[in-house]
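Spelled out, the chains give:
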Amino acid sequence: MKILVAVKRVVDYNVKVRAKADGSDVDLNNVKMAINPFCEIAVEEAVRLKEAGTATEVIAVSVGDKSCQEQIRTALALGADRGIQVETSGNVEPLVVAKLLKAVVDKEKPQLVILGKQSIDGDNNQTGQMLGALANMGQGTFASKVVVSGDKVNVTREIDGGLQTLSLKLPAIVTTDLRLNEPRYASLPNIMKAKKKPLDVFTPEDLGVAITSHLTRVKVQPPATRLAGIKVKDVQELVDKLKNEAKVIS
Amino acid sequence: MSTLVIAEHDNKSLKVSTLNTVAAAQAMGGAIDILVAGANCGSVATAAAAVPGVTKVLVADNTAYEHQLAENVSLLIAEVAAGYDNILAPATPNCKNFMPRVAALLDVAQISDVTSVVSADTFLRPIYAGNVIATVKSSDAKKVITVRTTAYDAVPAAGGSATVEALNAVHDAEISSFVSEEVVVSERPELTSAKVVISGGRGMQNGENFKLLDGIADKLGAAIGASRAAVDAGFVPNDMQVGQTGKIVAPDLYIAVGISGAIQHLAGMKDSKVIVAINKDEDAPIFQVADYGLVADLFVALPEFEAKL
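Residue numbers (the working numbering), protein chains in the order written: chain A, 48 to 297; chain B, 401 to 709.
If you're looking for bench data, these hints aren't it; they were derived computationally from the structure. Treat the hints with caution; some may be incorrect.
[To be verified] List time: in silico DSS-like cross-link candidates among lysine-lysine, alpha-carbon distance up to 25 Å:
#	chain 1	residue 1	chain 2	residue 2
1	A	K280	B	K673
2	A	K63	A	K79
3	B	K680	A	K63
4	A	K290	A	K278
Required output: the full structure, derived from the provided sequences and hints.
Written out as structure tokens, the structure is:
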């Protein structure tokens with residue numbers, strides 16, 4: 048079976064992003080970009096399913112401008128077979144990304160689509176579920192375990208207080224949570240090989256999807272700052288402060 | 401203007417996060433109805449009807465909704481949504497699962513994790529792990545919103561008398577089914593609604609050492625959390641994770657033990673009223689947000705702290 052994996056180019060998770068002073072946008076000048084950590088887990092899971100003989104082909108897709116080809120190449124270096132870039136510019140909303148991915152799904156007919164549960168820039172946590180609705184597929188979100196058997200996939204999910212296992216008819220959607228796997232590092236030979244793997248580029252027009260906008264970012268601002276407090280010298284002073292100054296314990 | 405609030409529940413009791421969401425709905429103005437989708441969930445409907453300010457409680461009681469399968473519940477909500485301007489749900493793992501499906505079925509955007517209602521179409525929401533607060537304006541006629549529960553104080557649970565109306569619509573997409581659930585039953589309060597939270601990080605060194613937090617949690621009636629580093633290291637399960645990719649908490653007292661204070665952890669707890677940090681590294685970033693910092697070896701400090709409480 049074929050697996051489609053969606054990957055997103057985002058600011059590296061170690062970068063502390065700030066709002067520009069004029070509030071017009073976030074300041075992304077010269078910051079390090081990387082594959083979204085949850086997308087990396089998605090690629091790893093797909094590659095493992097291929098290595099286990101469950102999947103026959105892994106396709107990495109990304110929606111973005113030309114620079115996102117870098118993240119597609121990362122996915123190819125981790126073991127995906129070929130890449131698809133949907134060429135867009137500027138910020139594309141999750142609903143539109145889901146529509147573009149739906150068009151790719153219609154074209155490629157994968158049995159499984161694996162995405163990260165959220166990207167660490169917009170923190171929306173929407174795209175996988177929206178794709179599920181548009182493609183009328185079952186979804187296993189926040190997955191910590193994926194087991195394909197026959198025409199079904201069992202997905203164990205992280206829920207409040209524990210784990211839940213669902214059985215989904217294939218084709219289905221999976222969105223990854225942290226504990227699903229630990230992604231490998233790409234080896235140098237694989238990075239070299241990835242450069243030669245096929246990568247097709249489509250425009251939204253090619254896919255018959257109109258880029259629409261439902262939300263306008265009016266402005267951005269820094270969060271309310273917290274004033275640094277004090278250092279206490281020992282446990283006794285800490286307990287005294289909590290009881291008598293902050294009055295949060297009795 | 402009318403708003404539909406989706407109830408968070410376990411078929412037995414109405415969760416507090418629903419009451420936080422009703423508070424956000426009140427900020428939007430207009431009539432408020434609550435939808436309870438579940439199975440044998442009559443007690444939840446009764447509780448929802450007692451929430452002050454609610455006009456009507458709609459109850460879809462059917463086995464198709466027992467486990468809140470996203471495929472089924474989203475079809476129901478999208479249908480009921482026809483009569484409303486706003487659809488609000490708490491940003492809990494459960495509602496985050498099905499709400500984007502609702503938005504896609506309605507062909508509108510979802511506005512995730514709203515922390516403030518500026519006007520009927522404009523909202524604040526944190527992005528980039530809460531390092532930036534975005535003001536977003538929606539052009540959709542119907543708005544699908546998840547609410548960050550820590551941003552709104554819960555409305556009272558009693559005093560109202562809404563009418564209860566049964567919905568007979570059964571939506572079973574028949575593409576997913578429930579297999580099993582392993583839920584740890586804890587005597588402790590839930591992380592997201594606890595008044596006190598004590599969390600451990602990588603400095604705890606292993607899962608066994610998290611027991612050092614138990615006695616303190618017992619004495620303070622606290623929930624126990626963890627940093628992503630501690631989850632990644634396999635010390636504790638992921639549902640204990642506090643941070644950008646875990647739970648967002650804002651208790652009266654948050655105690656961070658052996659947590660350095662990575663951006664993504666701060667995103668989950670920096671709105672706590674009082675923050676205590678215990679860490680042996682005096683330069684740890686956690687001290688920059690802590691009201692009270694104690695530079696100490698946690699293996700010495702924790703037993704002493706417990707004894708003095």
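Comparing the hints with the structure gives:
1. In summary, the hint linking K280(A) to K673(B) is supported, as the alpha carbons are separated by about 22 Å, within the 25 Å threshold.
2. The suggested pairing of K63(A) with K79(A) holds, with an alpha-carbon distance near 11 Å, which does not exceed 25 Å.
3. Distance check on the hinted pair: K680(B) and K63(A) sit about 24 Å apart at the alpha-carbon level, within 25 Å; holds.
4. Among the hinted pairs, K290(A) with K278(A) is consistent with the structure: their alpha-carbon atoms are about 16 Å apart, no more than 25 Å.
Checked against the numbered hints given earlier, the structure satisfies every one of them.
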